[in-house]
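> Sequence:
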Amino acid sequence: MLELPEAGGQPITAAQARVPSAELTRITLRVLRPYADAIDYGKIHTAINGEAADVIFDRTSDARGYVLRGDLTKWPRFKLKPGKNVVEVSATDQNRASFYASYVLLADGAGAAAATVESVPLTSGADRQPPEVRLTRPAGVVRLAGAAGRVSVSGVAFDDSGVVASVAVNGRPARLSPAAGARGLSVGTGGGPASPLPKGAVSFEAAVALSANTTALVVEARDGAGNLTRLTLPVRRREPAVSGAFKGRKFALVVGVSRYRHHGGGLDDLAYADVDARALRDFLQSREGGGFAPGDITYLENEQATVEAVRGALNDFLPAAGPDDLILIFIAGHGGPDPYDPKDLYFVLHDTKTADMRRTALPMSEVQRTLERRVRAGRLVVFVDTCHSAGLSGDKFVGARGLENNLINLYAARLFSEAGRAVLTSSDVNEVSQEGPRWGGGHGVFTWALLEGLRGAADSNADRFVTAGELFDFVRDRVSAETGGGQNPRVLPGLNADLTLSVARAK
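Count along the sequence shown from 1, add 1051, and you get the number used in my numbering.
It should be emphasised that the hints constitute simulated quantities derived from the structure, not laboratory data. Note that the structure is predicted; figures quoted are calculated from it, not measured. A few of these clues could be false.
List time: in silico DSBU-like cross-link candidates among lysine-lysine, alpha-carbon distance up to 35 Å [unchecked claim]:
| # | residue 1 | residue 2 |
| --- | --- | --- |
| 1 | LYS1125 | LYS1135 |
| 2 | LYS1250 | LYS1301 |
| 3 | LYS1132 | LYS1094 |
| 4 | LYS1130 | LYS1094 |
The whole structure should be built from the sequences, with the hints applied where relevant.
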C-alpha cells in the first residue's frame, strides 16, 4: 500500500487517487505480512513515472512488514508533476512468485485544496461509479490549536444512481438530510462546484473529536451498490511558539488608493480600495484583530499614498520591527507593468503617471530589495489587492503582455514567498480583481472575504483562532465561489501557515 505523510498518511489502496499537490516531498510504500516474510530486501523494486526509483527509498521493517520511505527531493527527476503520476512497486519472493501494485496519483498544482481523494469502485455489477463528495467545512488542512480538539465537518454527496447510502467521518456515521443547494462547495472529486445538485443528493454534518494520535480526517461515502469515495485531509497541530497569544510587537503598513491625481493613459479611479484599507486598519486595532497599537500602524489613503510616502514607510518605519515581531502589509489599488517596458512591474499610487512609471510609480523590485535587506521581523504577512475593477485600461496601457495577464500578482507572490513569510494576492494570472456594492455594502471581493475570514468565518477547527493557513484556504475558496471562478487568489503560505492572525468572537 501507499502512504503520503504530508497528506495525512492514511493508506491509499485504490488504484487511482487525487492528491493535494504536486509539491509533495515524501512517499511511503509498504509490503505487508505475510507476503513480506518470504521477500528479501533486495527483491523489492520501485518506479516513479516509469523510471527506476530504488535510489530514493530507504528500507526498514516494522511489525506490519517492510517500510519503504522515499524522498522525492533527492533527485529532480522523481518530483511529482501536475496531472497524472504513476508509482509502481514489485517484488519476488523466495519461491520466485511475483507481486506487483501500481498507483495513479492525480496531482493538483501547488496550493490546491489539501484533500487526497480516492475512488474505490466495485469490480463487478451494473453500477461501478463511486459517489461524488464535496466539502464545505473544513476547506483544507485541519489545524488544531493543541494536541486534541473537535472539528465540524459538512458537505454534500451525490451519485449517478441517485442513492447515497451512507457518509462516515473517521468511521462514525454523519447526519444526512436532503441537499438544498451547492453553496460554498470547495473540495471534491469533480474539481468544481456542482450546481444544480442532482436528484438524491444529500447534505451531511458531523462533529468529530480528534485525539492526539489522529493524523487525518477521513470522509467516506458509499452509494447503494457499495461503491466508495474516500476524502483524506491531514491534521496539523499548531507549533508551541504560536499556540498562545502573540508576545511580540505588531506593525502594519496599510495602503488604499481609490483616487488618482493623474488619469492619463486610461488610469481610472476605483470605488472601494480606500474603503477596504480603512476597514482592515480598523479591524487590526480591535481585540479580535490583534489589538495593533495605533502608533504601530502606518495608514496611507488616497492623497497620502504617494510614492515617496509609501517608500518612506518601507525604509524608515518597517525596519523598527525586531526579529520576534510581526509585520503585516496590505496594499489595495491599481498595479501593472510599465507600458514602455512591460517586464518592469509597479504598484500604482496616488501621484503615478502612466506615461512615466519609472519615476512616478513604486517598483516591485524595490519592495523586494527592502524586504530582503531592511526588514528583520521573523513574521511577515502580506495581502496584495491590486487591479480592482478591470485594472488599468486604455489602448497604450493594456497591450498583448500587459494587464490582461495580471502578472503583478504572480510577481508579488514570488517576492514574499521566502521561508517564514506568507502572502495572499487577490487574483491569478490572466484575471482581474473585482469590486462592487454587493460585497459588504461596497468592497473589493478579496478584501471582503479577507475580513470575513479574519472575523471568524475561516476558523475551520472552531478553536477561535484564525491562522494564516485557515485564512488563505477560506479566502481562496470564497472569492472563487463569489466570482463564479473568475477570480482566484494566489495562495503561497510560507512556513508561518500556523501563525495566529486573529481571534474569532465567541458564538
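> All hints are to be evaluated individually against the structure, with a verdict given for each.
The hints, checked one at a time:
1. LYS1125 with LYS1135: holds (20 Å)
2. LYS1250 with LYS1301: This hinted pair is violated, its Cα atoms lying about 51 Å apart.
3. LYS1132 with LYS1094: holds (28 Å)
4. LYS1130 with LYS1094: Satisfied, since the Cα-Cα distance of roughly 24 Å is no more than 35 Å.
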